[in-house]
Each structure stands twice: as C-alpha cells, then as structure tokens.
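Using the hints, build the complex out of the two chains.
So you can see what is in the structure, the chains are spelled out below.
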Amino acid sequence: MLEWIAGLASWELLALEPPGWGGVLLGGLAISLQVAVGGYLLGFLIGVGGATGKLYGGPILRDLLDVYTTLVRAVPELVLILLLYYAGTDALNQLMLLIGAERVDISGLAAGIFVIGVVQGAYQTEVLRGAFKAVPHGQIEAARAYGMTSFQVLRRITLPGMLPHAVPGLANLWLIATKDTALLAVVGVAELTLVTRQAGGTTKSYFLFFCAAGLLYLMVTLISNVGIRRVERYARRGMPAVR
Amino acid sequence: MGPETRSWREPHRLVLLAIGIGIIVFAAVNMRWDWLPRYSGRLVEGVGTTLWLLFLTSVLGFLLAVPLGLAQAAGPVWLSAPARMFCTVIRGTPLLLQLWLLYYGLGSLFAYWPEIRQSWAWPYLRSAWPYGVLALTLSFAGYEGEVMRGAFAGVPKGELEAGRAYGMSPLTVFRRIWLPRAIHRALPTLAGETVLQLKATPLVATITVVDVYAIISRVRQDTYLTYEPLLLLALIYMILTGILVLAFRWLEAKVPVKGG
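Heads up: the protein sequence lines correspond to chains A and B, in order.
Letter by letter, the first sequence follows residues 1 to 243 of the numbering used here.
Letter by letter, the second sequence follows residues 1001 to 1260 of the numbering used here.
Keep in mind that the hints are not guaranteed to be accurate.
To be verified - Among chain B residues calculated to face chain A with C-beta under 8 Å, some are: (1) 1016; (2) 1019; (3) 1092; (4) 1094; (5) 1105; (6) 1109; (7) 1202; (8) 1203; (9) 1234; (10) 1238.
Derived by calculation from the structure, the hints in this document are not laboratory data.
All figures in this text were calculated on a predicted structure; none of them were measured in a lab.
Just so you know, even glycine gets a beta-carbon here, dropped at the ideal spot from N, CA and C.
Just chain B, with the same shape it has in the complex (with noise of 0.2 Å):
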C-alpha cells in the first residue's frame, strides 16, 4: 500500500492470479453448485433485506448519535453523564448479547403484559424485525456517538465565537456551523463504521430475522454442504464491502476538504 503500490501486471503477480483463478475455476467444476438455481430468487431478497437493514440502522444509529456526542462534548452533567454510560455499555459487552437481551429479555417480558399482548402493536413486537433493527441501531450509535463527542469537541473555537459575533443565535451557531464542521470531521470515520456495521448484520439471523446469512443457513440445512454455501456467502459479504467502501471514497471525494 501506499507509495510502493505497484502494478498487478508484474510477472509474479499475473502468475498468482492465475492461480486464484485456478482455484475457482476448479471450486466452480468440482464442488456442488446445482443447488445456485433454486434459491438466487432468495438470495437477492436476502441481499436486499442485508442493504435494506444496513441503510436504515446506519442512518437511524446516527441520528441518535448526534445527540448523544453533543450531550457529551457539550451537555449539562445530567445528560452527559447517561450519554456517557450508554456508550461505554453498549461498547463494552458483545452486540450478540445487546441482540439476544432485547428479543429474548423485551420480548418474554411483554409477553407477560396483557395491556400490550391485545394492543395493536402486538403483531410486530412478537416479530422478530423491530429488535433486530432496534439492536443494529442502538449499537451503531454508540460507537458513532463516541466519535461524535470528539467531533463536537474538535470543533475549534473560534469558529463557534465568530458566529455568535455576527448575532446568531446559539441555534443557528450549532445549525449552521457546529453540526456541519461536526459531521465533515466525522466523516472519515463512517467509512469504517459502516463496513463494520454490514458485517453485523448477519447475527440477525440468529434471533429469525430472514437476511442473506439465513437463506445460505437454510441452503445448507437443506442440502447438507457445509462449505459451498459459506464460501458464495462470504463472496457475497467481500462484493458489498467493496461497493461500501468505493462509495464512500466517492462521497469523500465530493466533499470539499479545503479547511477540514
């Protein structure tokens, strides 16, 4: 990487490729595939409920963490101080936990309740979608929350007197200069959180939410393969973080850095 990133048309390097290629050619011929047909339908559903979940807990997870970093960067004791411990909890124990204790903890306490058991809400809380999603969500904003409070607190200064100089209101000051120089620092950072945030998402399938981790369990209860099934899965998982993070360098790219 970096200044000595060379050609890939280098002799040993075209040699290596042809040996990657040897291997999946010789995996496509000699391994099972029969059984591709019969669920790609699936499949793309199932990449699309991973894309689907992954847009909506990124974006979700940073709207909550915009004020959980400001609460820390800037917030009174009283909100800095539970900003603080739901970031360092949801940082310190395992997402599968956060997971299982909501859909199995929330879930069996409600169960309890008959106010809610004959609400109209019933339906979805017994559905396994909203604590994937409420999981996912809260777990990407804690960690970007974190970032934010440095983003916030990175700000300089100045900037923020300038503004109040000029007669803003303490609103305008945060609408117009704090929140975009905030994001614009924490930008580099999302890239990152975001890949992270993809390759989280496959543990939804384990409390029965249908994403592309679960049709390829599914494929190999099914068939009874154990390896083809993971090696197309972690093909599928490898082709979107390269999309992921192409996109973001293209976002990147787009976004003046004059300044930053």
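The following block holds chain A by itself, in its conformation from the complex (with noise of 0.2 Å):
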C-alpha cells in the first residue's frame, strides 16, 4: 500500500543525470520531434507533387495517385509502418547490391523518417489539392489576362490564395506527425515512448514516466497550437473573422 505511493513519488527517477532517466526521456523526445518534423517535411513534399499530379497529371499518373492516396488512408498506421519498415530496408539494400555497394544498416531514424513521410504524404496531398481547388478560377484567370507569367500567378495569387484553405489541414497534420511517431516505439526505434516504456520496466516505476512521456507530448502539442494560432492569423489576414 505504502510501497505505490512512495513509487508515484520518487520524483529522483526523474533526474537528468544517469541514476534517474530524465536525460534518457529528454533524448527520447529529441528523436521523435526529429523523425516528426523529418517525416513531415517528406511528406510535405510527397503532398506537393501529388497535388499537383492530381490536378495537372495525366488520367494515368491520377489514377495511380487515387490509389495511393486511398491504400494509404484505408490502412491502419501501424500495419502500414510494419510493411514499409521492412520494405523499404529490404529495397534499399537490394538495390546496394545491385550497384555492388555493401549492405547498409539504416538507421531507425531514417526508416522512421521515410515512413511518416510516406503516410503524411498521403493526406497532405488531399488537403494541398483541396486548398488549391478552393482558389475561385476567375482569379487565376484575371492574373493571366493582366500577361503575368504562370510562376507570378502561382507566387502572387494561387499560393497566397490557398493558403488559408491549407493552414487548418496542414497544422491538424503536424499534430498527427508528432504523435505518429509513437508508433515506431513498435518497430525498435529508441523514441520517447519506447524509451519511456524502458525506463518504467527497469525502474517499475511505469505510472511516473509514462506520465511524464504524456506531459512531455502534451507540451509539444500546446506549444505548436501556439504557434499555429500565429500562422493562421498571418494567412487569413484580410479576410472576415471566422466565429
């Protein structure tokens, strides 16, 4: 009875130097906000040209998108980190063979980046075709008849145009990013949850940390709606208030 209270407040677990696992935890969170901003950047990536594939591409390369954007949204993540972990490490040393470079060891941060990349992609390839349909017709249109080239319409009217119908999607995709990369904990990669979960099985002290993972997490989601309230405030400049 006394023991679990004394094991919720053995708060020196926490500390930042080897006998407490602060450190170990703060290291944690530095890999996943790694592989979350990684993956994200990919995956911003992925969306653009899929986007932009899915509105200018021929009936082929779209149908082939539709697909892809549609297997990746009908699997569960975790499925889907398990298949592309193993495929993509197996493919990427396939092909080191083929060019006679020896096989390499990919880190789980590189694998953990290319899968959330990967997923991200998918939906931020629907929410960036979504923003850009959104732009009215006639003002791309009426940029064209004053003789702008079409990189002046896409930088003056189409990408600030857009960008308000993007930023909600897009910010909603980095919280999911951030919490995504939990999912790798499955996988081996030495993210805060897998650490954390570490740290509560040599210690058996799982309520503390997996409290303070929760915390740590917590704090990262707060202090990106900060800074996405500041964004969506830039993009939406000029137009009426929403509620």
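Have a look at this one:
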C-alpha cells in the first residue's frame, strides 16, 4: 500500500543524470521530434508533387495517385509502418547489392522519417489539392489576363489564395505526425514512447514515467498550437474572422 | 473525384486493372500462402474481436462524448474546464502512450494493493482486455467530445427558445430538440471518426489482446515470413474500411437531411 505511493513520488528517478532517467526521456523526445519534422517535410514534398499530379497529371498518373492516397488512408498506420519499414530497408539493400555496394544498416531514424513521410504524403496530397481547388478560377484568369507568367500567378495569386484553406489541414497533420512517431516504438526506434517503457520496465515506476512522457507530448502539442494560431492569423489576414 | 469521376471502362483503366490483377496473381502464385489454411479459423476469430472492439468502444465512447460536449458547450465552469482539459490531454498525447499508461501504469499500481488483489475484480484487472477497451473508449470520447461541443453550440438558439415557448421543461427541450439536432449535425464526422477508430484497434495487440493484428504477428513469428502475413493484414483492413464507409453512406442516406 505504502509502496505504490512511494513509487508514485520517487521524483529522483526523473533526474537528468544517469541514476535518473530524465536525460533518457529528453533524448527520446529529441528523436521523436526529428522523425516528426523530417517525416512532415518529406510528406510535404510528396504532398506538393501528389497534388500537382492529381490536378495537372495525365489520367494514368491521377489514377495511380488515387490508389496511393486511398490505400494509405484505408490501412492502419501501425500496419503501414511495419510494411514500409521492412519493405523500405529490404529495397534499399537490394539496390545497394545491385550497384555492387555493401549492405547498409539503415538507422531507425532514417527509416522512421521515410515511413512517416509516406503516410503524411497521402494526407497532405488531399489537403493541398483541396486548398488549391478553393482558389476561385476567375482570379487566376484575371491574373493571366494582366499578362502575368504562370510562375507569377503561382506566387502572387494561387499560393496566397490557397494558404488559408491549407493551413488548418496542414496544422492538424503536423499534430498527427508528432503522435504517429509513437508507433515507431513497435519497430524498435528509440523514440520517446519506447524509451519511456524501457525506463518503466527497469525501475518498475511505469506510472510516473508514462505520465512524464505524456506531459512532454502534451507540451509539444500546446506549443505547436500557439505557433499554429500565429500562422493562421497571418494566412487569414484581410479575411473576415471566423466565429 | 467529384464531377470528373469517370467510368472504369476507359482504356487506360482497363490496362491498370489488368496490371493490378497481374500483381495479385503473381503474389498468389510466387509467395508462400501454405500457412493460410492452418490459421484461417483464428484469423476469422481475430477479425471478430477487432470488429467487436470497434463496435463496443465506439458506442461507449460516443455515450461519453455527449456529456463531454454538452459540458463544454453549455456547462458551468467547474464542468466545462475539466471536460476541456480531458479532451486536450486525450487529443494531445499518442494513443499508444495512453494505452501503455493504463495497462502498465495502472496495472502495476493495482498489483501493489492487497485489497484489489483479493477482490472479485482481480482476474479482470489482470487481463489486458479491459485496459484496451478503456483506452480506446476514452480516445474516441476525447475526439468525438470536441465534435459534439461544436454540434451542441451550433444548434440555432431560436429552436431551443421555441421549445421553451411551447412550455417544454429544459430536460424535454434537451431530449426532443437539442440532442437529436446535435447528433444530426455530428453525423457526417462520425464516419471518419469510426474509420480512425478501426485503424487504432491494432494497437491493443501491443498489450496482448488477441485481435486480427495479433494473429498475424503470431503467423510472422511461426513462419518467419515478412511480407505475406502483413499484405494479407493490409487487405483485411482495407476490406473492413470499405465496408464501414459503405455502411455509413447507407446510414446517412437513411437520415433525412432536410433542414440539416
């Protein structure tokens, strides 16, 4: 009875120096954030390419992109992560053998970024495509009539016009990316959730460590929300306020 | 999608379809599927567990989401503040972490408590199933509670005032007007939330609940195959997602949209 209260309150376990596990948790958080940022940026590149392909590509490209976004959205992230993790590392090693190089050990970090990026790419494709279609066609035609080149139309009309429609969806996807990194614990990437379980398993203070990790995740979300609100205010400047 | 949706009988689609079927036939012939008959019974049971888990936690989660949404939309501050905090915490932390916190954290705390160890509830508290149900229910409630907040707040004030003017008690207004109108408004998001919930269920396999994902993990351990079981698993989830989407489309067509 007293033992578990003591287990709850043994705060020295969270100390940053080795007898405590605080430093390990922060290291895990750093890995999680690196995977989230890397995966999100890779997803954005895929999303821009995918949205462009869906809007301007030929019929075959469009159908293939539809297959990609539908598949990724219909299969659980956990299953996708396992599949892509093994398939991605396998494919890379086959490629290395093919060009005569030696097998490489792919770091969990790089594989994690790849996996999160492919998943994010499907969702960002849909968000960006929707935002692009929300820009009134007349505005683009008017810009063309003024003699703007297509790059100028993109920079002056399309991008600023689609930004307010893209920001809420993209912001939501960023929050999802930070939480999806936890799934990499299942394939053994030493991100925050996995190191938390290891810390809990070693010290038997599961409750303390999972609460501490939960607070770290929550802080990432809350700090992100502050930034998102700023970006949203910038993107919606000059537009009527919602609510 | 939308207006430019075209027939699947266009020539390039027929070619893509043929390539797709070719890949499936190639996979069926050249990959190893001899394990399938041995596990088919357990796979069906696993799918059953997954669907039961999905149904149970979605219904319980929705029942919890209604008071959460109502408290945030109209409750006094001592109700709305905790409800908002609950939704923020659930939506701000990964489900896997919540699940492990409940299973390992709460489970290890209970183990220290002799009164609980000797009580009738201990066999249940020692198994993984209640923790999986609890975590998935709380998660669904957290996300759907936020939706219900918006749905309750969005019901036009005039309709509620009209109900009061007819002499309805506040409870009757809630039962006859506010709740049905709010659920009606939340219905379109329910399909998406339920698909997300289906995709969250395999996480319970990490705490030893035996759903379809756990069966496939077992197959992978027994046969040392990497891809075949995972591809089958992806196919199973795709079929389940497709059925869910169609079921909700049918349900939404049944509910009249007039005035929605």
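Right, here's what the structure says about each hint:
Given the 8 Å rule on beta carbons, the hint for residue 1016/B holds: about 6 Å separates it from the nearest Cβ of chain A. Interface restraint check: residue 1019/B against chain A, minimum CB-CB distance 10 Å, threshold 8 Å, status violated. Taken as an interface hint, residue 1092/B checks out: its beta carbon lies about 4 Å from the nearest beta carbon of chain A, inside 8 Å. Interface hint at residue 1094/B: satisfied, since its Cβ lies 3 Å from the closest Cβ of chain A, which is below the 8 Å cut-off.
Interface restraint check: residue 1105/B against chain A, minimum CB-CB distance 4 Å, threshold 8 Å, status holds. Look at residue 1109/B: its Cβ gets to within about 5 Å of chain A, closer than 8 Å, so that hint holds up. Interface restraint check for residue 1202/B: the shortest CB-CB distance to chain A comes to about 5 Å, inside 8 Å, so the restraint holds. About 6 Å separates the beta-carbon of residue 1203/B from the nearest beta-carbon of chain A, less than 8 Å, and the hint is met.
Annotation: interface hint on residue 1234/B holds; nearest CB of chain A at approximately 5 Å, less than 8 Å. Taking 8 Å as the C-beta cut-off, the interface hint given for residue 1238/B holds, the closest approach to chain A being about 5 Å.
Of the hints listed earlier, the one the structure fails to meet is number 2.
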